[in-house]
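Chemist: Make the full structure from the sequences, and use the hints.
Just so we're aligned, residue 163 is where the sequence shown starts under this note's numbering, counting upward by one.
Hints are supplied without guarantee of correctness; some may be wrong.
In the BS3-like style, the derived pairs of lysine-lysine whose C-alpha atoms are separated by at most 27 Å in a straight line are [claimed, not checked]:
#1 Lys-200 / Lys-182
#2 Lys-200 / Lys-245
#3 Lys-182 / Lys-245
Simulated restraints, written as ranges between beta carbons of each label pair [unchecked claim]:
#4 Met-163 / Asn-242: 29 to 39 Å
#5 Met-229 / Met-163: 26 to 36 Å
#6 Asn-217 / Pro-195: 32 to 42 Å
Hints are computed from structural coordinates only; laboratory data are not their basis. Every residue gets a Cβ at the ideal spot worked out from N, C-alpha and C, and that includes glycine.
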Amino acid sequence: MNYVRFFHIATGAHPYAYQKALAEHDWDVLIAPTGLGKTAAVIVAWLWRRRAHPNSTPRRLVYCLPMRTLVEQTERNTRNWLKHLGEAGFGEKLLRFSEVFFFWGGII
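Modeler: Okay, here's the thing in structure tokens:
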């Protein structure tokens with residue numbers, strides 16, 4: 163299994179070159195225009211790395227977003243990607259460490 167196939171299973175799309183590079187290399191900053199899949203790039207790459215390199219990949223991924231609609235969209239997309247991966251046989255290993263939680267403003 164390679165990352166391109168993994169990404170396609172999760173999202174139903176083929177990754178852009180930058181999305182593939184993000185999964186294969188460390189990046190400090192990600193700059194891309196609206197609508198080019200930054201959320202999928204980060205979350206699916208993190209899932210890939212957690213699966214392939216669990217000891218060197220952070221156990222948690224935290225997303226801080228400025229609007230409730232973005233929070234809801236990110237949660238919905240992440241759950242869908244996990245569902246698709248689970249249906250393809252990745253569920254046991256991925257779901258063991260991939261739960262989706264969201265918090266609204268304030269101190270956690």
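Chemist: Could you run down the list of hints and mark each one as holding or not?
Modeler: Results of checking the hints against the structure:
1. Lys-200 / Lys-182: holds, 12 Å
2. Lys-200 / Lys-245: holds, 19 Å
3. Lys-182 / Lys-245: holds, 21 Å
4. Met-163 / Asn-242: 29 to 39 Å: violated, 20 Å
5. Met-229 / Met-163: 26 to 36 Å: Check passed, 35 Å falls within 26 to 36 Å.
6. Asn-217 / Pro-195: 32 to 42 Å: Roughly 34 Å apart at Cβ, these two residues keep to the hinted range, so it holds.
This entry does not satisfy hint 4, going by the numbered hints stated previously; all others are met.
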